[in-house]
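J.: Given next are the chains, with one letter for each unit.
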Amino acid sequence: MERSIRMVTVNIDGKKIEVAEDTTILKAAEAAGIWIPSMCYSDLLEPYGVCRLCSVEVIRGKRSRIVTACNYPVREGLTVNTNSDKVKWIRKILMELMYSRWPNVPVVKEMAERLEVTKPRFVSLERDESENACILCGNCVNICRDVVKASVLSFEGIGIERKVVLPFNEQSETCISCGACAYVCPTGHIKIKSLETERGALQDFYLGPKSAINIPTLQAVPRVPVIDKNSCIKMQTGGCGICSEFCEPGAINYEMKDEEVDIEVGQILVTTGFNLFDPQQIPQYGYGRLDNVYNSLDFEFMLNSTGPTGGTIQCKDGSEPRAVGIIHCVGSRDENYKKYCSRVCCMYALKFAHLVKDRTKAEVYQFYIDMRAFGKGYEEFYKRLLDEGVNMIRGKVAEITEESYNGNKPHLLVKCEDTLIGKFREIPVDMVILCPAIEPAQDAAKIKKILSISQSPDKFFLERHPKLDPISTMTDGIFIAGCAQGPKDIPDSVAQASAAAARILSLISLGEVSVDPIKANVIEEFCSGCRICNNLCPYTAISFLEDKKISDINEMLCKGCGTCVAACPASAITGKGFTDEQILAELEGLLTV
Amino acid sequence: MPKITIADLEKIREDTKRTLNFRLGTCKAKITVHMGTCGIAAGARDILSSVMKEIEERKLMDVIVTNSGCAGLCSKEPMITVEMANEPAPVKYIDMTPAKIKKIFDSHILKNELVKEYALALGSEKTA
Amino acid sequence: MSEEKKQNGWNPKIAAFLCNWCTYTGADLAGVSRLKSSPCVRIIRVMCSGRVDPSFILKAFKKGADGIFIGGCHIGDCHYSEGNYKTLRRIEFLKIFLEDFGIDPKRLRLEWISASEGDKYAATTLDFEKQIRELGPLTFMN
Amino acid sequence: MAYRTYLMVCAGTGCVANQSIKIKDTLIKELEKKGLQDEVAVVTTGCNGFCGVGPIMVVQPDGIFYQLLKSSDIPYLVEEHLIKGRPVKKFMYIPSEKEPPIPKMSDIDFFKKQVLIALRNRGLIDPEKIEEYIARGGYSGLAKALTEMTPDQVINEVKKSGLRGRGGGGFPTGIKWETMKKVPGDVRFVICNADEGDPGAFMDRSIIESDPHAVIEGMLIGAYGMGSTQGYVYIRNEYPIALERLLKAIAQAKEYGLLGENIFGTDFKFDIRIIRGAGAFVCGESTALMASIQGMPGEPRAKYVHTVEKGLFDFPTCLNNVETWANVPQIIQKGAEWFTQIGTGDVTNDPWGGSKGTKVFSLTGKVVNTGLVEVPMGITLREIIYDIGGGIKDGKKIKAVQTGGPSGGFIPESMLDLPVDFDELTKVGSMMGSGGMIIADEDNCIVDMAKYFLNFTQEESCGKCIPCREGTKRMYDILENISVGKGTEEDLELLEDLSYMVVESSLCALGGSAPNPVLTSLKYFKDEYLTHVREKKCPAKACRQLNVYTIDEEICATVGHGCDLCKKSCPDFAIFGETKKAHHIDQMKCHKCGACYDACNFKAIKVE
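Residue numbers (the numbering used here), protein chains in the order written: chain A, 65 to 657; chain B, 19 to 146; chain C, 109 to 250; chain D, 629 to 1236.
For the record, the hints were derived by calculation from the structure and aren't laboratory data. Cβ atoms here follow ideal geometry from the backbone N, Cα and C, with glycine treated the same way. No false leads were slipped in.
Derived EDC-like pairs: lysine to aspartate or glutamate, alpha-carbon spacing no greater than 16 Å straight-line: (1) C:K171 <-> A:E645; (2) C:K214 <-> C:D235; (3) D:K772 <-> B:E28.
Quick look at which bits of chain B chain D covers, simulated, 3 or more residues with Cβ under 8 Å: (4) 24-33; (5) 74-84.
Bound-form chain A, shown alone:
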């Protein structure tokens, strides 16, 4: 039975305070603005009471006792003296003990100054001079056991040998790397290390772990927080659950799971988009190997105001680049990689050049093969850039290397052949931006198999007709649009998408779909029930009627391929539009001329 909250009056250092029963002295004193030192106390945890610094004198009747304020529950009529000589004396010696063992830990030094402890009268044999020594406060062990409920960290050894350990001092599998221990450790003894190495901008400007519940980006649609399942403690071990406490509308439901939903649809529009070609496949460009070599997506990160650098263009070491090289056709129009032109890179490369010119005083070099500014207003933009003084070098870049003149900061060297002046040039830059080719989405092959649509040789999806019908596929009811069909920029993608949508809407408004007449059906009299055709049909259109003991074809499922017609030994199945007689008649016609 829940005891009603009773208020009690407590006298702390002569001040009368009204607090709820069972609050600790530390909290009551805090409410009254009285400071009590503490080293191992953390609001997130049950008070552990091991540093004893918060010892205060509690007077009950004539007897006085030293108790720790952090976990002593107040009772009615309790008088507490937080600064008696005895208390100060005890704190001083406690501080000497800690200070002699961990002299350089900032938290300890700070508290020592505050308690006016300068030089301990003894030297601890277990001295640990490092700044982030472990002061055995137990916060990490407790948070891992009580809040995160993964119980990975624990104490080992008793007495002076006591230390915090991982099981068998090895990387533990049960650790869900939630970072709670690193967060709660007062001396920074525990550090979080990212195991997998991301490349490019993501790695250079790695801002450390995000909280498990976050709004992915400010432009996210819908702009609501989401929970990352693998790093949320509640979902991993059932611990924590703090976010649901703070969410007033109570919108957080941990039980929601990804569900697979079956939706009956008439048409499917495949817009699976594209992937960026991985420039690491061209080792000479040094992506992922050399510093300050970014691909276009990384650079977009940098340009984005909510990105890691907040929109400023800077090298890895934070300085502003003096010269930037932008390289076109990385992987595109290349016999060894992608033969096709990715169509969009030239224009966004020009955009980059303009932004670099606009935001920094850097010199810009564009390395291109042909400037494909084909769209409306594109050529004019190109002219504008030429006026802004962007150096255009026509030639495919051979290699990028790292150099440093007489010892100062190393920079990149772009080696290429300028075909307009017929010379081999080496241009020093601080940063290189690669414009990688556009390639089909990674799982394009999987989608193809599921929807049984076909792929063109460059692995983009094959449209029904390149000119007359670019948005539908060989299969009725399945349409494609955007980069799934081939590299294209935003205006073209939007045009294609609208076309596909219009086509679909027209079919929907019709209300029915004209099914082409080519179907197979069974002639009951001929069918002997041999069931050879039953599992022949990929669309399981042929079923067996137990009562009549004959096979039967479901008209809607049958696609009219005719495989069963040919397979039926009793030729009991006829294929409308391609009956045996018709084909034989064609043969007759063809061969008798």
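Please build the complex by placing chains B, C and D on the supplied structure of chain A, with the hints as guidance.
T.: Positioned in the frame of chain A, the structure of chains B, C and D alone reads:
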């Protein structure tokens, strides 16, 4: 052993009482059989076993049997000394035979009457 | 009779069953791209190469076809996902006992040609025609 | 079959270690050889208490006490005593060369002054037979409680008796039971603390070895009073014989229906589970013990919320020491009045008013009769040491008495007339503690003893809180410096400072009492510390680094004939001299390890 009740408790206490009292030495009568070398020669062993048999048959809970060395009067062996809790002086009996033992038990031990004809003397030697 | 036919202007009659989704479109592409393909190929369109019944092939030989060519989608690309597997099975069987009928198995040819392989269609038909010309007309003792 | 004699062979751990089981087997074989097996019974009993002179055998009903027996003595003893009826003087207890041997056990002064309550059945019953315990009035206390008394009456009886915790704290048991009873909730636990981590203390072990049923009956009565249905005995795994006997006793109790469901036909049900302690001294502390039962590492927690309100698995739990539980059946059976007649003070209205009943002490150290003594509260230390203990060995002078194990303190010779009870001992800075009582004579160095005890608590500290982990280590380092001659006078002052701080601010009782040996030794033996610090000398010559080892040329040459033994034993090759001639020690090389002193059989090595 079914669930024990208070009565069972009492019963067990009574049964094992005898061994316990024995261990504490609290008893009504104490028979000492003198088994010095002469006593044994004179047959003190069968006297001892007959005394034990008597106690067994009569289920006497509080009679203690001990043996001791030669009482000094070898000619009169085998001898026994009977000390009764309520009588101050121990009584020595001489030339014991199993039959005489039975007689002593009936009268002296049970009815507290001394068997004069077998008794040698009352009291015992003064020890230094 | 067959030798003269071979020299003086005999043209082989080749019947071709082309799958509507792949080879037939490939043939159309070959035409659109002005590629030269063999004129003696007479094309019958079927929805899927699986529709081709082995009895059609035998009847075609009986009706005087000198060679038969079947075109289907590449394995795994079939519009009906499994049609060409069945065709492959049937044609292999058919070739085995064509000899019993006194017909040289080389007269029957199965090729996977996809919609975009116009050039492959043209080259295959020309090659097949050359092959049939070497074999000469198909004659039966009647 | 009626036996005429019972041979009570002691099978306590002490005597078993001296082969008393082998003696028992030879006895049985010998009796069979002599045909006495139907008349004479051999019974193995728990520890008699006089461990110093084990293996012990008591011949009942005559009460003859035999000591220091060897299996080779058995044939002679059977012949003489059992056949010829002549007790053998050679094996009896001899107080000292001058006095004659004392045949009767009750006349030996080691037993005379003892009053047995917790150990009343020791040496009299076979602990592995429940019938013998019942014959001695066992479980009648439980029967009385279950059928004639209400739970509150039981608690009241214990409260009136003035029984206080025998674990060391001395908290009135009645009050503890009463507060537990008031806490709501029907799940509650009862625990028997048989961890007994103090070095040199073996009271609980003997109680369980001699009379396990007393503890079980006590827990049953307590559980009935407090309404608990589940009990735990937390026993040290290093007590194999006690553990085995306890398991047998519990099995027999279950078999007799004294444990389990509706005991004695009432609806009271109770069960006991054994938890084996892994030998951590800190697990003797109640909250650490409960953490250990719960499977957590043995770490104490702040006791601002008492364990009787929130203990094991956060349910109300009453934890008492073995001896406390063992006293309960007698209190219920003979009534609180009888219990208050023994001991000091007046508890009629204030349970803290006095120390009632008896206390079992393990009397060890430099005393003649070492062993287990159960004495009434209020007896003086002098009576224990001289009357019961038989005075100091080899006539040396007593220096101090250390009571309460590593958490207790030193009591100087001048205070030996101090009556032994909870409050008096605490007043002088020591504490009753579990009951360890170690006698130190002039050859013991106080600094060395304080260092030994502090080393024990410092190593056994769980290391959770700063004062105990760091404080005791610093104190130990200082004592270490003093014992090797590097101590200064400020060190003594610092030592006192640290001690008070550790006592005041430690989280649990282990830290709170660890400095007691240092504090009391500083208080009563300040001079010895000063000689160590100022003159760098150890009067008792125990701190070897402070000694100077020289060879008495004359003795070495004449008596020892320069036997070279010391030269071979010296690890630093600091001893020179040819054989047959006197040797001498090179003081520069000598690291004062004392190996030569131990090696020389002719006492030629002098130590100043």
